Amino acid sequence: MTNFQQRSVTGFIFAGTILTCSHYGGIPLLVMLAIVVIMCLYEWTQIIFKLDGREANIPMPFVISFVGLCLFFFYDFYNEQIDDDIIWYLMLGYFGYFLFFMFKIFPLIKNIPFNILLGFIYIITPIAAALKIGTDLMWLLPFLWCSDTGAYFIGKYFGSTPLLPAVSPKKTVEGLLGGFITCLLYAAILMHFKIIELPLTGLCLSLAAAGLGTLGDLSESLVKRQAKIKDSSHFLPGHGGFLDRFDSFLFFVPAAYFILKHLH
Numbered sequence: 001m002t003n004f005q006q007r008s009v010t011g012f013i014f015a016g017t018i019l020t021c022s023h024y025g026g027i028p029l030l031v032m033l034a035i036v037v038i039m040c041l042y043e044w045t046q047i048i049f050k051l052d053g054r055e056a057n058i059p060m061p062f063v064i065s066f067v068g069l070c071l072f073f074f075y076d077f078y079n080e081q082i083d084d085d086i087i088w089y090l091m092l093g094y095f096g097y098f099l100f101f102m103f104k105i106f107p108l109i110k111n112i113p114f115n116i117l118l119g120f121i122y123i124i125t126p127i128a129a130a131l132k133i134g135t136d137l138m139w140l141l142p143f144l145w146c147s148d149t150g151a152y153f154i155g156k157y158f159g160s161t162p163l164l165p166a167v168s169p170k171k172t173v174e175g176l177l178g179g180f181i182t183c184l185l186y187a188a189i190l191m192h193f194k195i196i197e198l199p200l201t202g203l204c205l206s207l208a209a210a211g212l213g214t215l216g217d218l219s220e221s222l223v224k225r226q227a228k229i230k231d232s233s234h235f236l237p238g239h240g241g242f243l244d245r246f247d248s249f250l251f252f253v254p255a256a257y258f259i260l261k262h263l264h
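Numbering (my numbering), first residue to last: 1 to 264.
Incorrect hints may appear among the rest.
Unchecked claim - FRET-style restraints, in silico, Cβ to Cβ: (1) I189 with T17: 20 to 26 Å; (2) A166 with T17: 18 to 24 Å; (3) P28 with P162: 26 to 32 Å; (4) P59 with P165: 35 to 41 Å; (5) P199 with P113: 41 to 47 Å; (6) V31 with E197: 29 to 35 Å; (7) V31 with D231: 38 to 44 Å; (8) P28 with F103: 36 to 42 Å; (9) K230 with N57: 18 to 24 Å; (10) L117 with F193: 39 to 45 Å.
Since the hints were made in silico from the structure, they are not lab data.
The structure presented is a predicted model; accordingly, all values stated were derived computationally and were not measured.
Note that beta-carbon positions come from the ideal geometry of N, C-alpha and C, so glycine has one too.
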């Protein structure tokens with residue numbers, strides 16, 4: 001099977017599973033998001049040990065994943081009592097950290113305990129927001145897919161201005177704009193079917209998908225570059241690992257949650 005065929009089959013199963021669980025919500029969505037927490041934290045633990053110049057011993061990634069899963073279920077159990085502003089502040093914190101790191105305001109911190117804590121915030125906060133969004137994920141996630149598709153094709157055929165060549169040489173400003181325009185077209189379709197009521201909601205979601213989704217992709221690419229690895233793992237044939245597939249999701253979803261809360 002060629003790499004393209006692998007990517008296609010994995011992508012079809014991946015998207016189908018996510019959309020199905022999002023459609024039903026409840027337990028299927030909770031189980032799917034719990035699996036994402038486990039796999040992303042497992043991969044993150046492997047990466048942060050590589051940043052420190054060593055391999056994670058066998059139990060450590062499993063221990064971190066288990067602790068993260070417990071935190072996620074704790075949040076799910078007490079989510080009615082937890083102030084939504086906590087998600088907002090945590091989100092701003094990890095956005096700021098990755099931005100400062102990306103633009104070399106300060107270097108990536110390679111302390112393992114710090115990065116374990118960062119992983120809990122970076123991964124569990126967006127997944128908690130996704131849990132609050134619930135079945136609306138079914139029409140929200142295609143914003144990211146539209147952004148990726150538009151950026152790929154516009155960047156491939158018209159891209160000439162590198163976005164951040166030191167981080168991701170193939171990404172271009174034209175591709176970023178192409179992804180944003182594709183998201184706007186998708187938002188127009190949602191408005192036609194009354195899924196989105198306000199044009200401002202569609203605009204903000206498009207900006208978040210194209211802008212923050214790209215930032216999430218670049219942030220993970222930069223961390224992997226520092227760790228001297230190409231993919232976060234090989235769990236998803238043709239796609240790499242879970243972090244490789246959810247990097248944009250982890251930046252987009254918290255913002256999407258607050259857009260829906262205040263503008264939808």
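Hint check results:
no.: 1; hint: I189 with T17: 20 to 26 Å; result: holds, 23 Å
no.: 2; hint: A166 with T17: 18 to 24 Å; result: violated, 35 Å
no.: 3; hint: P28 with P162: 26 to 32 Å; result: violated, 41 Å
no.: 4; hint: P59 with P165: 35 to 41 Å; result: holds, 39 Å
no.: 5; hint: P199 with P113: 41 to 47 Å; result: holds, 46 Å
no.: 6; hint: V31 with E197: 29 to 35 Å; result: holds, 31 Å
no.: 7; hint: V31 with D231: 38 to 44 Å; result: violated, 25 Å
no.: 8; hint: P28 with F103: 36 to 42 Å; result: holds, 40 Å
no.: 9; hint: K230 with N57: 18 to 24 Å; result: holds, 23 Å
no.: 10; hint: L117 with F193: 39 to 45 Å; result: holds, 42 Å
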